[in-house]
Amino acid sequence: MLDVVYILATLAFFALMLAYVRACEKLGDEGTGEEDRP
Amino acid sequence: MTTSGWLQIIVFSLAVLAVTKPVGVYLVRVYDGSARWLAPVERVIYRLCGIDPAEDQHWTRYAASLLVFSAVSMLVTYVALRLQAHLPLNPFARAAVPDRQAFETAASFTTNTNWQSYSGETVMSYLSQMMQLAFHNFTSAAAGVAAAVALARGIARRSGGRLGSFWADLVRGTLYVFLPGSLVLALLFVQQGVIQNFHPYATATTLEGARQVLAMGPVASQEAIKQLGTNGGGFFNANAAHPFENPTPWTNFLSMLAIFVIPAGLTYMFGRMVKNQKHGWALWAAMFVLFLAGVTTAYWAEARGNPIHAARGVDIVASATNPGGNMEGKEVRFGIAGSALYATVTTDASCGAVNSMHDSFTPLGGLVPLVNIQLGELIFGGVGSGLYGMLVMAILTVFIAGLMVGRTPEYLGKKIQSREVRMAMLYVLIFPAVILLFTAASAVLPAGLKGLNNGGPHGLSEILYAFSSVTGNNGSAFAGLTGTTYYYNTLLGLGTLLGRFAMMVPMLALAGFLGERRIVPASAGTFPVTTPLFVVLLIGVILIVGALTFFPALSLGPVVEHLLMHAGRVF
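Line order of the protein sequences matches chains A and B. Read in my numbering, the first sequence has 27 at position 27, and its numbers run on one by one without any break. Each number in my numbering corresponds to the 1-based position in the second sequence with 1000 added.
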């Protein structure tokens, strides 16, 4: 039973980290200098 | 303190200096793709795995690749540890690793931490040691270097936030750096007497007539990557204090050099990549000054010994027949200098291998490994993580210098603006937040206090050290804390994951943002990053950030314990 909990918790952690990548990207977009905007 | 002790430190320092350039030059060739001597093997791996080595991944894709690889490999390890009893190479019929320990171990090895709440010789099968744990020893190290190379690329070029291929960096690091390096080191270890076999455990009769079981196993091969990859997880519970892992002064020296060799070489590689070799050496110098300060303090504190021992009639003065000082928890084969040097090296880097018990150091001697970890393990540091940790600090340093003179800060031709500073600050703040929150919770919750073997400030140091060690991905233990509970296994495992990935993501974002910036030529307002002033300012920033965040906790732990020791109290 706890195996399922640990496996799901691991998956949830890494899913959260992938969302964190998106959040950092968004934070970066807000602070882009005009001259460097792609 | 003795002449031979100082000689050990001096010879070791010179050896680190000597290997920096050749290793750095080789690392440049590995990561720019010009090292080709294993090209046929490399091509087969790329074909089998469907990797396009020429792919230039955007930082978000680079980070996602790293996360997906880590998640899959961690889950495979978890399942394999749980199924250990049904898998081959298990001559002693080891049972499944308990769920909480399997989670912690899988997280710990995936993150290059290698915190161990188990004794390898009584819990792990040979298959678990060789396939699961050793696999992570190689790949977590290669992933760390890949992340550092990605940051270096972001600084070195204007690439629209593209950082290269994570998969190619992972393969090349493993194939060209860690596998050949470990092979050579393992052979040297075997020559010195480190065991490498699949024999059943041997039984011996001691001089007193007692029966003793001697654990066997493929130790040398594990030992080599454990040091070279700054992993630190021991084959045996006693780690590098075990005579089968670390039998001679020569293996002790080689082990320490192996811990520093790649992190030191990476500073040279970085200088070459950004076409500013002097800056690479400036980073090296900052790391070296901090290393020297740590080892000198630890050696002084341990050689000085414990005044309570002296008051009870123990001779703590060094002589031809007496090492003097505080020998509690130390191997007589390595003595005080060998133990203080090893403890400093292993915590400067994110290695965590130990040849003495840090819990038995004097309060100030034990403070050194703790502070080394809490500074962010950037004093040469873990493979890759040391360099990128130091680069984040360098960026903060030029930012602060820019504020002082009222100019837009630049770092190696890249302007540092709000989004870069946001990512740098996320990187800097997550680390103490995880350590201090988890430590505070454990210092008040019954589940946290139940694991303590010592009270008072020493008990707090044990908890603080444990969470610093896992969040810093070091893995060394202060000892004295019973971590084999659901509470500690789960929380420490989570600490390793947060300390690795919650810091790596903003660092890769920083790399991507810098990669989007154009390179501006140096002007009169550019703060030079090759001068002694830069080195001093960089060290100052590192110490101030560390001091501001951790001093209150340290003052309640080792600092007050030191003062109470001189008042005649021990814990």
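Among the clues, some could well be false.
[To be verified] In silico lysine to any residue, SDA-like type, Cα no more than 25 angstroms apart, as pairs:
id, chain 1, residue 1, chain 2, residue 2
1, B, 1415, A, 30
2, A, 26, B, 1069
3, A, 26, A, 15
4, A, 26, B, 1417
5, A, 26, B, 1418
6, A, 26, B, 1450
7, A, 26, B, 1064
8, A, 26, B, 1275
9, A, 26, B, 1428
10, A, 26, B, 1060
11, A, 26, B, 1519
12, B, 1450, B, 1118
13, B, 1021, B, 1425
14, A, 26, B, 1408
15, A, 26, B, 1056
16, B, 1415, A, 15
17, A, 26, B, 1021
18, A, 26, B, 1055
19, B, 1415, A, 25
20, B, 1415, A, 29
21, A, 26, B, 1425
22, A, 26, B, 1552
23, B, 1415, A, 22
24, A, 26, B, 1061
25, B, 1275, B, 1421
26, B, 1415, B, 1555
27, A, 26, B, 1160
Think of the hints as simulated: they come from the structure by calculation, not from any bench. Model, not experiment: these values are computed from the prediction.
Comparing the hints with the structure gives:
1. 1415(B) to 30(A): 16 angstroms, holds
2. 26(A) to 1069(B): It holds: about 23 angstroms lies between the C-alpha atoms, which stays within 25 angstroms.
3. 26(A) to 15(A): Answer holds: residue 26(A) to residue 15(A) is near 17 angstroms, not above 25 angstroms.
4. 26(A) to 1417(B): 15 angstroms, holds
5. 26(A) to 1418(B): 13 angstroms, holds
6. 26(A) to 1450(B): 43 angstroms, violated
7. 26(A) to 1064(B): 15 angstroms, holds
8. 26(A) to 1275(B): Outside the cut-off at roughly 31 angstroms; violated.
9. 26(A) to 1428(B): Holds, at roughly 19 angstroms.
10. 26(A) to 1060(B): Satisfied, since the Cα-Cα distance of roughly 11 angstroms is no more than 25 angstroms.
11. 26(A) to 1519(B): Distance of about 23 angstroms is within 25 angstroms: holds.
12. 1450(B) to 1118(B): Roughly 18 angstroms separates the two Cα atoms, so the pair holds.
13. 1021(B) to 1425(B): Given pair residue 1021(B), residue 1425(B) is violated - Cα atoms ~31 angstroms apart, limit 25 angstroms.
14. 26(A) to 1408(B): 23 angstroms, holds
15. 26(A) to 1056(B): 21 angstroms, holds
16. 1415(B) to 15(A): Roughly 32 angstroms between the alpha carbons, so the hint for residue 1415(B) and residue 15(A) is violated.
17. 26(A) to 1021(B): 39 angstroms, violated
18. 26(A) to 1055(B): This hinted pair holds, its Cα atoms lying about 24 angstroms apart.
19. 1415(B) to 25(A): Distance ~18 angstroms between residue 1415(B) and residue 25(A) Cα, so the pair holds.
20. 1415(B) to 29(A): With a Cα-Cα distance of about 16 angstroms, the restraint between residue 1415(B) and residue 29(A) holds, given a limit of 25 angstroms.
21. 26(A) to 1425(B): 16 angstroms, holds
22. 26(A) to 1552(B): 35 angstroms, violated
23. 1415(B) to 22(A): Given pair residue 1415(B), residue 22(A) holds - Cα atoms ~23 angstroms apart, limit 25 angstroms.
24. 26(A) to 1061(B): 15 angstroms, holds
25. 1275(B) to 1421(B): 24 angstroms, holds
26. 1415(B) to 1555(B): Distance ~38 angstroms between residue 1415(B) and residue 1555(B) Cα, so the pair is violated.
27. 26(A) to 1160(B): Answer holds: residue 26(A) to residue 1160(B) is near 16 angstroms, not above 25 angstroms.
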